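Starting from the known structure of chain A, fit chain B onto it as the hints suggest.
Chains A and B supply the protein sequences, listed in that same order.
Plus 26 on top of the position in the first sequence (first one is 1) and you've got our numbering.
Plus 150 on top of the position in the second sequence (first one is 1) and you've got our numbering.
Since the hints were made in silico from the structure, they are not lab data.
Since we're looking at a predicted model, the values are computed, not measured.
Just so you know, nobody snuck in bad clues.
Using 20 Å as the maximum straight-line C-alpha spacing, the simulated PhoX-like pairs for lysine-lysine come out as follows:
#	chain 1	residue 1	chain 2	residue 2
1	A	Lys114	A	Lys53
2	B	Lys209	A	Lys154
3	B	Lys203	A	Lys154
4	A	Lys192	B	Lys242
5	B	Lys242	A	Lys53
6	B	Lys242	B	Lys253
Computed footprint of chain B on chain A; a stretch qualifies when at least three of its residues, placed anywhere within it, have a C-beta under 8 Å from a C-beta of chain B:
#	stretch
7	60-68
8	112-125
9	152-165
Cβ atoms here follow ideal geometry from the backbone N, Cα and C, with glycine treated the same way.
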Amino acid sequence: MSASIIIFYILAAIILGGGILAVTARKIFRSAIYLLFSLIGIAGLYFFLNYEFIAAVQIVVYVGGIVVLIIFSIFLTHASGADMQEPKLIPALFSAFAACFACALVILLINNHTFIPTSNTVIEPTVKTIGRQMLSTTEHGFILPFEVVSMLLLAAMIGSIVIALKTKPKA
Amino acid sequence: MNEIGLTQVLFVSTILFFIGVYGFLTRRNMVTMLMAIELILNSVNINFVAFNKFLYADKLDGTFFTIFIITIAAAEAAVAIAIIIHLYRNSKTIDVNDADLMKF
Numbered sequence: 027m028s029a030s031i032i033i034f035y036i037l038a039a040i041i042l043g044g045g046i047l048a049v050t051a052r053k054i055f056r057s058a059i060y061l062l063f064s065l066i067g068i069a070g071l072y073f074f075l076n077y078e079f080i081a082a083v084q085i086v087v088y089v090g091g092i093v094v095l096i097i098f099s100i101f102l103t104h105a106s107g108a109d110m111q112e113p114k115l116i117p118a119l120f121s122a123f124a125a126c127f128a129c130a131l132v133i134l135l136i137n138n139h140t141f142i143p144t145s146n147t148v149i150e151p152t153v154k155t156i157g158r159q160m161l162s163t164t165e166h167g168f169i170l171p172f173e174v175v176s177m178l179l180l181a182a183m184i185g186s187i188v189i190a191l192k193t194k195p196k197a
Numbered sequence: 151m152n153e154i155g156l157t158q159v160l161f162v163s164t165i166l167f168f169i170g171v172y173g174f175l176t177r178r179n180m181v182t183m184l185m186a187i188e189l190i191l192n193s194v195n196i197n198f199v200a201f202n203k204f205l206y207a208d209k210l211d212g213t214f215f216t217i218f219i220i221t222i223a224a225a226e227a228a229v230a231i232a233i234i235i236h237l238y239r240n241s242k243t244i245d246v247n248d249a250d251l252m253k254f
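Extracted from the complex, chain A is given alone in its bound form:
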């Protein structure tokens, strides 16, 4: 057992434990905090795999943005100390069976499959190479999806403002 294996299993335990608690906790605010731990564990996994830029984006967008948004929406719509209602036993049981069987099937398939890695030269995913390829207009550049996704973000921003706008009572 080397140190990296131990670190990997600690990260996996944080991710999966946080995930399980996030979908089973009875208080909704605790559920959001467990989700936060799970997302931080995923950022740690990206650091573990040497994808520093993705890890930074994960922390900035998910931990700093989406979880804060979820917590604010909880404060606006719930009495956050109150317990949520228990899921009904039979549907919960069947959902757990379905998830467990599908999970076992996929794990079995992954275990029996041999993956063949490429033998070409490795590109390090540094910020420099990512930025150059993302904004390049040549054949393997990603400038078009970059622009499209920026339009999508603008549309989503305007759309959410319009949806959440308080409508005036008709005089």
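The following block gives chain B in isolation, referenced to the frame of chain A:
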């Protein structure tokens, strides 16, 4: 098993995906269902990064897919929360079983 390979990372992401599926099926509250969807999207991101690192290290495609998925997830969460808050203003509940405004 003396080195962390693709298989171990895929196990983690598979289990996380089905935790999200379980949460999505059992929760009856829109905000917690949104949290379950975030877990599912994150497991997909782990998959993309792991395949990029262990199988196709000569390209950066998995990295870009992950960045775009994170962006779209942020947009989706913002719109979903706007809809949830608007629904709460109208009907004072965010339980999926009580949301029948669009029923005709």
